[in-house]
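Number of protein chains: 2
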Amino acid sequence: MNAEIVSVGSELLLGQIVDTHAATMAQVLAECGLTCQRRSTVGDHMERIVATLKEAFSRADIVITIGGLGPTSDDLTRDALAEAMGLPLVLDRDVESHLREIFAVRRIAWLPVLGRQAEKPAGAEIIPNANGTAPGLWVEANGKIGIALPGPKSEFLPMARGEVRDRLGRLTRGAVILSRTLRIAGLGESRVEALLGDILASSNPTVAPYAQPAEVHLRLTASAEDKMQAEKLLGPLEADIRHILGNAVYGADDDTLEKAVLDLAVAFGASVSVAESMTGGLVAQRLTSVPGASECFKGGIVSYAAEAKASLLGVSEATLAAHTPVSAEVAMEMATGVRERLGTDWGIAVTGNAGPTSDAGGRPVGLTYIAVAGPDGVSVHEHQLRGSREDVRQRASQWALLAWRNAMIES
Amino acid sequence: MNAEIVSVGSELLLGQIVDTHAATMAQVLAECGLTCQRRSTVGDHMERIVATLKEAFSRADIVITIGGLGPTSDDLTRDALAEAMGLPLVLDRDVESHLREIFAVRRIAWLPVLGRQAEKPAGAEIIPNANGTAPGLWVEANGKIGIALPGPKSEFLPMARGEVRDRLGRLTRGAVILSRTLRIAGLGESRVEALLGDILASSNPTVAPYAQPAEVHLRLTASAEDKMQAEKLLGPLEADIRHILGNAVYGADDDTLEKAVLDLAVAFGASVSVAESMTGGLVAQRLTSVPGASECFKGGIVSYAAEAKASLLGVSEATLAAHTPVSAEVAMEMATGVRERLGTDWGIAVTGNAGPTSDAGGRPVGLTYIAVAGPDGVSVHEHQLRGSREDVRQRASQWALLAWRNAMIES
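Protein chains in written order, with our numbering: chain C, 165 to 575; chain G, 165 to 575.
Don't read these hints as lab results, they were simulated from the structure. Only a predicted model underlies this, so the values are computations on that prediction, with no experimental measurement involved. Among these hints, one or two may not hold up.
Any copy will do: because identical chains look the same in the list, a pair fits if it lies in one copy or spans two.
Said to hold, decoys possible - When the alpha-carbon atoms are kept at most 30 Å apart in a straight line, the in silico BS3-like pairs for lysine-lysine are as follows: (1) Lys-317 to Lys-423; (2) Lys-218 to Lys-308; (3) Lys-308 to Lys-391; (4) Lys-391 to Lys-423.
Starting from the given sequences, assemble the full structure and let the hints guide the process.
Okay, here's the thing in structure tokens:
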């Protein structure tokens, strides 16, 4: 069975709001094992909503609308759904008396227009709305299912993740689609594809790579009769991929690199401090974004001005003069300096030129040195990073976390 | 003329990412005076992309695709656009040699698959991509225009808001929609609405407030025959609003608070340093994200562990013991400590509890102290911030920048 989502609202077509509900609904469909091949967005315009719904019903078994169920004249989804499904619109007396009660409690005088929210395509079942007035609708006719959900977040989310999800799950009687995302850092997308070769052609599970800033995400998706069968398909494939890519797979699903690296540090019982120049606090900020970071992360020094490298980190004036602040030598002294000053097992340092122009020492935009000082000494890597100032800083922070991760793994 | 947007990517149909680009593109269309009556989303599947594009072209004069321009086998938009428009796919030799240069600089061996990004529907014009490899495409054929834009944010946004917006604006031949966004910090949305009153009911320009994390953006949009007329409508309204809201308007359009604050510091010839605990480097990172930050920003200290507050910033052990690290007293000593150690005109300090749970001292999640030390002494503010750990840290960095801005303005 496959489903389509139709979002209704002129504000979506003007870009005034971002359609997060469509993404939520798509997640619910995937979780229920329903395929979604198309999503559409249409404005508050009767003929266009009807046309969009008819097209969706011509392709899909289930069509879910979001929005346009309120009482005002531009709330047209109820009427359009009835027309698209060839059903008359009728009044639901139970819903009407429920609405009259709600408005009585709110001390709002009953207006005929409010009664529109008690109308439904003939034969529709009501999906109760605990947080608002317009109920959701579940309509079955001519072998198709139409589902109408209200747009306000506090009304949409409980229905979509609650009764609608339960009912959709029952429809698919156990057929599930299970996805897992492997998160890869330190290898580019083309390199990942070259290493995986034929694995990318797998049809169940499917394997799809997505390039992210300085990462590659690999999504494995299995379809099966039930969750256990789906797990049995995913497991061996995931193991193969992890075997081929090795340490480059740093985590899965919602793991971030900073969380993966901190988890590793906790496992090693290791503490860390950070000395940053071009990233200006980004590495420290990423590490401290993880709840419980204080277990490993002790502190950081943002030595942005050259003087600060000397005064706060003890980088020698001679090294700064001989090699300029953007150099392997300065990166190494920053790493050892911060490690000593904070008394941590590891010290990470980043220095470079994030742009927008070559620096006073003539170092090009993107040239970056990352040093890691640890119990066995200090190592340094040179990178030529690309992109905007923001990209360069982001990539530098990524390589810094990776360098520390690799140093811990190798130690 | 009317336009449709087609977003391409299976990850969108699985709800793994939210389609913010479609909203951005819709805004650009509205700003250019183009009507958008439909948006569609389709997965990485050749026949379905072609079908979706053909349907869009049957309704609209202009179809804009987002995503699917990368080099991998599931990047199908280029091929699908050529097929939907009835054009052969050809190699653009200039793009290919440009790509070869890029990969040579990155020291990545050329692979045939990379050359796919140099293909285009015959006759297509290239929209240069300053931040990535896949160029955008502008294709005119049979009275229709097809525009293909890459999906990565750093590539999509500059194209959509830059060359594509300019070209689309020229298509509408002078009838312009001009927008300006005033950026407001330190006042909530309801307060802004109360202060502006009737101004919000203006019909040309329209005035629309958008709540952002710890900011309010006010978008003024004027329609007129030409840019000069539009400017004449916008100017007086903007002046009125700035008069009413005063210093709370920190900037316009793409200004960020960090840039506005640094610009002010440059104007004052002031230098600054930052001491951070709960924000873990975020304030320093935001300030150094601005090109040329080194003119004012000298350095920062992330004193995450309590010991680091004493050893790196000179916060007294007695103060830490008597008041706990999350206190007005510690914030003040951090601000004066970092100002002295870095020898700057101003020192900003943030300490607080970002969550997820109350700290050892029993301070609730969200409790935050921000201190600013300057030539005339030190001031401190207490905030009770709400939201997730990420929200709390973001809001704390916002209030820290604002506190410094206010201190400079009042000095």
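Worksheet item: Going back to the hint list, which numbers does this structure go against?
Response: Every hint satisfied by this model.
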